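> Now for the letters of each chain:
Protein chains: 2
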Amino acid sequence: MQFACGSAKRPAYRRSVPVATAAGAFGQSFPERITTVSATQLPAASPLGLHRVLEPAGVLPQAAWRLDPRPEIWPDEVRVRVQRLNLDAASFRQLLEASGGDPDKLKAAVLEIVASRGKMQNPVTGSGGMLTGTVEEVGPQSSLGLEPGDKIATLVSLSLTPLVITDELANWDGKSEQVPCAGHAILFGRSIAAKLPADMSAELALSVMDVCGAPALTHRVVGAATTASPVVAIIGAAGKSGSLSAAAARKAGAGTIIGVVPHEAEAEMLRDAPAADDLHGLVDEIVIADARDPVGVSSAIASAGGPADVTVVCVDVPGCEGGAILSTAQGGTVIFFSMATSFTAAALGAEGVAADVTMLVGNGYVPGHAQLAIDLIRTEPGVRGMFQRRIDEHS
Amino acid sequence: MQFACGSAKRPAYRRSVPVATAAGAFGQSFPERITTVSATQLPAASPLGLHRVLEPAGVLPQAAWRLDPRPEIWPDEVRVRVQRLNLDAASFRQLLEASGGDPDKLKAAVLEIVASRGKMQNPVTGSGGMLTGTVEEVGPQSSLGLEPGDKIATLVSLSLTPLVITDELANWDGKSEQVPCAGHAILFGRSIAAKLPADMSAELALSVMDVCGAPALTHRVVGAATTASPVVAIIGAAGKSGSLSAAAARKAGAGTIIGVVPHEAEAEMLRDAPAADDLHGLVDEIVIADARDPVGVSSAIASAGGPADVTVVCVDVPGCEGGAILSTAQGGTVIFFSMATSFTAAALGAEGVAADVTMLVGNGYVPGHAQLAIDLIRTEPGVRGMFQRRIDEHS
Numbered sequence: 001m002q003f004a005c006g007s008a009k010r011p012a013y014r015r016s017v018p019v020a021t022a023a024g025a026f027g028q029s030f031p032e033r034i035t036t037v038s039a040t041q042l043p044a045a046s047p048l049g050l051h052r053v054l055e056p057a058g059v060l061p062q063a064a065w066r067l068d069p070r071p072e073i074w075p076d077e078v079r080v081r082v083q084r085l086n087l088d089a090a091s092f093r094q095l096l097e098a099s100g101g102d103p104d105k106l107k108a109a110v111l112e113i114v115a116s117r118g119k120m121q122n123p124v125t126g127s128g129g130m131l132t133g134t135v136e137e138v139g140p141q142s143s144l145g146l147e148p149g150d151k152i153a154t155l156v157s158l159s160l161t162p163l164v165i166t167d168e169l170a171n172w173d174g175k176s177e178q179v180p181c182a183g184h185a186i187l188f189g190r191s192i193a194a195k196l197p198a199d200m201s202a203e204l205a206l207s208v209m210d211v212c213g214a215p216a217l218t219h220r221v222v223g224a225a226t227t228a229s230p231v232v233a234i235i236g237a238a239g240k241s242g243s244l245s246a247a248a249a250r251k252a253g254a255g256t257i258i259g260v261v262p263h264e265a266e267a268e269m270l271r272d273a274p275a276a277d278d279l280h281g282l283v284d285e286i287v288i289a290d291a292r293d294p295v296g297v298s299s300a301i302a303s304a305g306g307p308a309d310v311t312v313v314c315v316d317v318p319g320c321e322g323g324a325i326l327s328t329a330q331g332g333t334v335i336f337f338s339m340a341t342s343f344t345a346a347a348l349g350a351e352g353v354a355a356d357v358t359m360l361v362g363n364g365y366v367p368g369h370a371q372l373a374i375d376l377i378r379t380e381p382g383v384r385g386m387f388q389r390r391i392d393e394h395s
Numbered sequence: 001m002q003f004a005c006g007s008a009k010r011p012a013y014r015r016s017v018p019v020a021t022a023a024g025a026f027g028q029s030f031p032e033r034i035t036t037v038s039a040t041q042l043p044a045a046s047p048l049g050l051h052r053v054l055e056p057a058g059v060l061p062q063a064a065w066r067l068d069p070r071p072e073i074w075p076d077e078v079r080v081r082v083q084r085l086n087l088d089a090a091s092f093r094q095l096l097e098a099s100g101g102d103p104d105k106l107k108a109a110v111l112e113i114v115a116s117r118g119k120m121q122n123p124v125t126g127s128g129g130m131l132t133g134t135v136e137e138v139g140p141q142s143s144l145g146l147e148p149g150d151k152i153a154t155l156v157s158l159s160l161t162p163l164v165i166t167d168e169l170a171n172w173d174g175k176s177e178q179v180p181c182a183g184h185a186i187l188f189g190r191s192i193a194a195k196l197p198a199d200m201s202a203e204l205a206l207s208v209m210d211v212c213g214a215p216a217l218t219h220r221v222v223g224a225a226t227t228a229s230p231v232v233a234i235i236g237a238a239g240k241s242g243s244l245s246a247a248a249a250r251k252a253g254a255g256t257i258i259g260v261v262p263h264e265a266e267a268e269m270l271r272d273a274p275a276a277d278d279l280h281g282l283v284d285e286i287v288i289a290d291a292r293d294p295v296g297v298s299s300a301i302a303s304a305g306g307p308a309d310v311t312v313v314c315v316d317v318p319g320c321e322g323g324a325i326l327s328t329a330q331g332g333t334v335i336f337f338s339m340a341t342s343f344t345a346a347a348l349g350a351e352g353v354a355a356d357v358t359m360l361v362g363n364g365y366v367p368g369h370a371q372l373a374i375d376l377i378r379t380e381p382g383v384r385g386m387f388q389r390r391i392d393e394h395s
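Chains A and B are the protein sequences, given in the same order. For what it's worth, our numbering labels the leading residue of the first sequence as 1, then goes sequentially. For what it's worth, our numbering labels the leading residue of the second sequence as 1, then goes sequentially.
Please keep in mind that the hints were generated in silico from the structure rather than gathered at the bench. Quick caveat, the model's predicted, so the values are computed rather than measured. Cβ atoms here follow ideal geometry from the backbone N, Cα and C, with glycine treated the same way. A hint or two may mislead.
[Said to hold, decoys possible] Pairwise CB distance ranges (calculated): (1) 371/A <-> 367/B: 33 to 43 Å; (2) 55/A <-> 97/B: 14 to 24 Å; (3) 253/B <-> 100/A: 51 to 61 Å.
[Said to hold, decoys possible] Simulated coverage check for chain A against chain B, where a stretch passes if three residues somewhere in it have a Cβ under 8 Å from a Cβ of chain B: (4) 350-359; (5) 365-373.
[Unchecked claim] Covered stretches of chain B (in silico footprint by chain A; criterion: 3 or more residues with CB under 8 Å from a CB of chain A, positions within the stretch not fixed): (6) 53-64; (7) 188-202; (8) 240-251.
Given the sequences, and given the hints that come with them, work out the whole structure.
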């Protein structure tokens, strides 16, 4: 039977269930604070995961305060044995600051969030991250195309993914957003997961897929620009989503690419990063500026060939809306990927300076996004080098 | 002399200055808590108003905690004698709730904000509103095309407009977001203001111009849709921005227009509202649903001819992101006009349900926006009736 209902008050957590791989830790007890509806009240499956929402009732899993992370799957779900979480950069930074950099406090904070919410969604930033793992059980009605044993990355946010951690994060040093982790996670009927490529480490693939919405949307917007050879400014160009977006912009036909970085160390990273075609660097112009300083950053971009036809905001600090808007030409587009973006600051900021710019909320999902990002890593040695260096520094 | 520097420590507020119209209340004392830089440190004028930012230094006026609202103008500025503030709906609602509906507390809250910040920006919502008044003095370098005596509405947000209130809001009953008010406000070099039309009341014009970005952007997006006769869903269609956006969508060639409202009373308002062409109603289908209930609202829109190619969010309550995304067809567009929109809820919500939708931050500025909205009011009796009824109910 696919969906093991159990028999009484809180059956799901205590039962051992048949699993496809043998790694299961399902005999372990689960955090007591997570209670679920009783077996007799089980809701019908929803492709959006509504049946896993415990409170408040009726909202989508991303908006829920608390999810039901029971290991037994509904007919269209997939259960994944988790190997690694990759915390969203904004979330990790907030947690790091809140814990004063103390690894034990940081670890306790993550465990507390997952235990109380049934998912890893930072209550302050609202953001999550993603994970890698091995498919353990696939419901008969799942349409994700996965099989038990597949090594995958989830491409929906941790902020809506039911999750249980069973190892107290014993193998995490608390110094990086990449979190070795044992436990299980659930994918819904309408979800997104990608098989990990065989030609790169899981760590690299996860790190790439985590931000793969950014290069995909950048590629689409730059490709659709009405200006020939549009000027593209990437704010935070030496970061993960920034460097991939720069490469995607080039692939989509960008003219001048201006990379904005906060200091010389990142400028040097960019300078050392070649593009695949051996003609360009990853970016054409490098500008050192504080993205939170609208006047400073827009002046710097202007003097480097701007204003930009497309500005891509990839830095995870608050207060970058005004600078991005001022750096963009009338009729241009700003893509906000930073989870630290303030909606009202963007809306009112543009109005306040009479800026006729199209402002896009960086949707993390564009069809084919994971493939595009992985292909960029394969073909762009400069970007791959920057990702690899980041991973090496943390290991 | 255009810019009266004054002579000593806090000269600007106490001096009487020559003004173009005689309405000035400049001899009055100003709130003591607002201090300014001394005359010897006066910064150069900036078209963006940077010279009016007191703290934190270097940010744009919208992002500033505190502005310098001194009445003396820099050479490219315009001073306006204020007649009426129109508080942003989200801000008014928040203030109303925080004051428990007590008009005196509400009034005190608004006065406190303006006195301490030098602008009417709600610290909780971040939003402001707009104002009407009479141009009092125009700097010799102003390019806004205004003359003393012009009756205007400012089309930049109050959240970045230097403002002083001098009448303690004595004529405001605290029951409506339209606030009769005496005092002065400042427009910067790069700002937006529209002369009030002669064929309608200032109250109506202000009410229309307050939301004129919404119909303008809706018109642009619907007009550019790749689908012929696109289905347009307006969430909050009986409201100000919603009803104007519905009319703008029709003008731009929308096929079916679905109006979503929260209850029967608003449905009736919509049902009674004809379109100018006598062929349609203002909307074609009326759906009663809670916009915060993603499954409920998307199911209702689907059964009324959806999913939508363009969904316009015009309700000022939090939590509408998921419903708007789920109501929109793959490849479609969501325009978020509500200041209660959460950036992360939108970004992660779309990703979480694998929705390939373009999500736009509703920019309040589109060239020609005020004219388009005023023209819609002139030609669409249904919309004008709804606006007028709203005004009559509050007077």
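> Confirm or reject each hint.
Now the hints, each set against the structure:
Restraint check, residue 371/A to residue 367/B: a C-beta distance of roughly 39 Å satisfies the suggested window 33 to 43 Å. Between residue 55/A and residue 97/B the beta carbons are some 23 Å apart, a value that agrees with the proposed interval 14 to 24 Å. A beta carbon spacing of about 57 Å between residue 253/B and residue 100/A agrees with the range 51 to 61 Å that was offered as a hint. Counting residues of the region 350-359 of chain A whose beta carbon lies closer than 8 Å to any beta carbon of chain B gives 10, which reaches the threshold of three, so the coverage claim holds.
Here the region 365-373 of chain A counts 3 residues with a CB under 8 Å from a CB of chain B, which clears the bar of 3, and the coverage holds. Residues of the region 53-64 of chain B with a Cβ under 8 Å from some Cβ of chain A number 6, which satisfies the need for three, so the listed coverage holds. For the region 188-202 of chain B, the stated coverage by chain A is satisfied: 3 residues place a CB nearer than 8 Å to a CB of that chain, which reaches the threshold of 3. A stretch counts as covered by a chain when three or more of its residues have a beta carbon under 8 Å from one of that chain; for the region 240-251 of chain B and chain A the count is 0, and the coverage is violated.
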